[in-house]
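K.L.:
Start from the sequences, fold in the hints, and give me the full structure.
Now for the letters of each chain:
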Amino acid sequence: MTYLFDPDNWEWLWTGNNFRFLFEGFLVNLQIAAIAIVFSLIFGLMLALLRISNRRLISFPAGIWVDVWRNLPLIFIILYLALAVPDAWRQAYSDAIPDFFPEALQDELVLGALLGLVLYNSAVLCEIMRSGILSLDRGQREAAASLGLTYFQQMRFVVLPQGLRRMVPATVSQLITLNKDTTLVSIIAIQEVVRHGSSVTGAGFFGGVQAPILQVFIVIGLMFVVVNLALSRLSRRLEIRERRRTGTTMKPVEGLEDQVALQTDTT
Amino acid sequence: MERGRRWHLIAIAMLVLAALVLGACGDDDDDDDGGEEAAQVEEFQSGTTMAELQDAGEITIGVKYDVPPFGLNNPQTGEPEGFDVDLGNYIAERLGVEAQFREATSDNRIPLLVDGTIDLILSTMTITEERDLEIDFSEPYYIANGDVLVPADSDIQTLDDLNGRRVCTALGSTYQETVEKEAPDADLKLIDRYSECLELIQNGSVDAVTTDDVILTGMVIQDDSLEILGLEYTTEPYGAGIPDGDTEFKQFVDESIAEFIDSGTWQERYDEWVGQYIPEEQQQGPPTMTLEEALKLFPLEK
Amino acid sequence: MSELWEVLTEHLPEFSSGLWVTFRLVAIAFVVAMVVGTLIAALRVAPVRWLNRIGGVYVETFRNLPLLVLLFIAFAGLRRAGVPISPWVAGTASLGLYTAAYIAEALRSGVFAVGRGQIDAALSLGLSYPKTMRRIILPQAFRTVIPALGSLVIAMIKNSAIVGASLVALPDLLKETRQVQAETAQPDEVYFWGAVGYLLLTVTATIAFRYLERRFAIRR
Chain W
1 MTYLFDPDNW
11 EWLWTGNNFR
21 FLFEGFLVNL
31 QIAAIAIVFS
41 LIFGLMLALL
51 RISNRRLISF
61 PAGIWVDVWR
71 NLPLIFIILY
81 LALAVPDAWR
91 QAYSDAIPDF
101 FPEALQDELV
111 LGALLGLVLY
121 NSAVLCEIMR
131 SGILSLDRGQ
141 REAAASLGLT
151 YFQQMRFVVL
161 PQGLRRMVPA
171 TVSQLITLNK
181 DTTLVSIIAI
191 QEVVRHGSSV
201 TGAGFFGGVQ
211 APILQVFIVI
221 GLMFVVVNLA
231 LSRLSRRLEI
241 RERRRTGTTM
251 KPVEGLEDQV
261 ALQTDTT
Chain L
1 MERGRRWHLI
11 AIAMLVLAAL
21 VLGACGDDDD
31 DDDGGEEAAQ
41 VEEFQSGTTM
51 AELQDAGEIT
61 IGVKYDVPPF
71 GLNNPQTGEP
81 EGFDVDLGNY
91 IAERLGVEAQ
101 FREATSDNRI
111 PLLVDGTIDL
121 ILSTMTITEE
131 RDLEIDFSEP
141 YYIANGDVLV
151 PADSDIQTLD
161 DLNGRRVCTA
171 LGSTYQETVE
181 KEAPDADLKL
191 IDRYSECLEL
201 IQNGSVDAVT
211 TDDVILTGMV
221 IQDDSLEILG
231 LEYTTEPYGA
241 GIPDGDTEFK
251 QFVDESIAEF
261 IDSGTWQERY
271 DEWVGQYIPE
281 EQQQGPPTMT
291 LEEALKLFPL
301 EK
Chain S
1 MSELWEVLTE
11 HLPEFSSGLW
21 VTFRLVAIAF
31 VVAMVVGTLI
41 AALRVAPVRW
51 LNRIGGVYVE
61 TFRNLPLLVL
71 LFIAFAGLRR
81 AGVPISPWVA
91 GTASLGLYTA
101 AYIAEALRSG
111 VFAVGRGQID
121 AALSLGLSYP
131 KTMRRIILPQ
141 AFRTVIPALG
151 SLVIAMIKNS
161 AIVGASLVAL
171 PDLLKETRQV
181 QAETAQPDEV
191 YFWGAVGYLL
201 LTVTATIAFR
211 YLERRFAIRR
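Chains as they are written, first to last, in this note's numbering: chain W, 1 to 267; chain L, 1 to 302; chain S, 1 to 220.
Think of the hints as simulated: they come from the structure by calculation, not from any bench. Incorrect hints may appear among the rest.
[As the list claims (entries may be wrong)] According to the in silico footprint, chain S covers these stretches of chain L (three or more CB under 8 Å from chain S):
#, segment
1, 187-194
2, 197-206
[Said to hold, decoys possible] Label-pair restraints from in silico Cβ distances:
#, chain 1, residue 1, chain 2, residue 2, range
3, S, 216, W, 143, 53 to 61 Å
4, L, 185, W, 88, 28 to 36 Å
5, W, 19, L, 55, 50 to 58 Å
6, W, 5, L, 300, 36 to 44 Å
Every residue gets a Cβ at the ideal spot worked out from N, C-alpha and C, and that includes glycine.
P.N.:
Written as structure tokens, this is what we have:
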């Protein structure tokens, strides 16, 4: 116990560049999460539309695709893609990414990480969106159809706006999981917070203060907890607001119990 | 209260956004440290790797980020430092370009070179015939020896003693096979990075770490309750990793290494990174082994 | 095509040993998660404020913390502090404690589904709080949350890969896959079989829980 609180073990925190270095790494994680959620939403929506299609020929393969990606470990997917993504794509990424992103994100291996995160999370978000859309009263679609709206118009003006609005809290909640998942990209040597943490612990070599693993990773953990707690509060409030506005809530999405901050506050 | 809480959330959201933006802006691209223009930078035939690199203005080199004294990411500067890094900078200077470093672990360095993410490997990589199938090597630029690290009070004295004990080494290193040969009953723990081996031996999860003596020296410097047994049971010539078949680039790298040695820079860097930490009698000079000889040390098994 | 089978036949021992390690890791962690999760859930629904708080802190901490960071803290940190845990204990405990937070939340909603009325009634009949929980509430709550438990088991199977990749260094399916890849350098084939291994586990778990659902679940 004394090891935990011994001030010597915390000295590294205010010495030199250590904290800033950790924080910069953490920003990389957040930025990766931000990019990933945007693309995951786009692809998730596309997948969801495929999934709810009336044609089995479309919805069935889409369903298989989603189920496969949701059942594989994300770290497994990331490791594979780091090896399998063709160089041409990586070059394209490296050229396309704007300069104002930090160096760690300019790294072309980030594409493999992003692809992995997007493939996995778009499958999850697809299920969230599907649930949001399906939770919409059937009557609405039928009413829209009877008003003479085409399928696309029904989707665009009636179903999607309401269905998608319902899934905002769940999406914010998924963003929390995504934040945590960005630590997995450290396995392919992208310089984010976990790698920076390991570097800080090894920096005793350069003379200077020894930074023990326990303390360094407690600090890293705190960074995540703070940001994620804020997001989870946000998610809960959005959910309560939605419930008040429309009087209905989204059905709990099956298979997403590993999400944070959903639907459990009935008090 | 409702309104107050909402402002709370907005404030947090703004803070996070601000941090993200500041974080992005705050990272200036690394200033060009190669202020000293290389005396003469050769012009190269177009179509060669060298010319391409010169056009790009940079060479991407894979180094270790957690293995002092050869490659270690320094949190104070955010840049890697070490013997491999210095050699990399030297080669880059000769080419007249900037050196960009990226982390290359024992496991991923060859795939990274093969698919073009990096242009050169300088990652404490031992020359073996098996690796030579996938990539090319330069002439050896350093000779390390395999050794074993144990806590000072350990009863492990010889390779044989490793049998039945937990031994740590890196996934993808030459030691994976070597240990299976020399101590087949050893319980081998494979990790991604040597810094994890250090942590494992420090907290008692493994009884020994085996890898190149220079890497072990880096560990002893960080924790002097560990000691190296001094077995030197293998010879590990380090070579730079070059894309397969690129003979002109190999020639350039070989020349650069030769100049690195002849100009005395090798000795200077050695003294700074390795020499000052080990006793006189163990110090060495530049390698005299040739690539051919090195390849014979780790022949293909078939 | 023949390459695909070759990779499997030549490396079947590695893949199957990895699969077995993953299975054991998840099984033990599941037990830990259920036990701890139940305890925390009980704390969370207790009529005592500060017990709720403690449970709440546990849940919020573990749900907002990345598993990889938790592994570093638990394994490296605890050992440095002098607690001699082995990699197996560290791996199963971390995975178990991490998942316990989610199980606690699932159970909590299960308890609410059962209804506060039953709790109040039992207490007013003179049953102690622990007895109420054990005999009346939790059995029903468990049966309500079987589907949720099923998907948490699947999440555990996926998270087990993180344990293997961390410095805990257990030779699980992912680690074996990477080792075979290091030997053969055929990522597509090797990772294909690794994926098959994981899908085997998750599909088995899904089927098992569907069965349990049919037999035991209460739908509310």
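K.L.:
Does each hint fit the structure? Answer for all of them.
P.N.:
So, going through the hints one by one against the coordinates:
{"no.": "1", "hint": "187-194", "result": "holds (count 4)"}
{"no.": "2", "hint": "197-206", "result": "holds (count 6)"}
{"no.": "3", "hint": "S:216 - W:143: 53 to 61 Å", "result": "violated, 40 Å"}
{"no.": "4", "hint": "L:185 - W:88: 28 to 36 Å", "result": "violated, 47 Å"}
{"no.": "5", "hint": "W:19 - L:55: 50 to 58 Å", "result": "violated, 39 Å"}
{"no.": "6", "hint": "W:5 - L:300: 36 to 44 Å", "result": "violated, 55 Å"}
In summary, the numbered hints that this structure violates are 3, 4, 5, 6.
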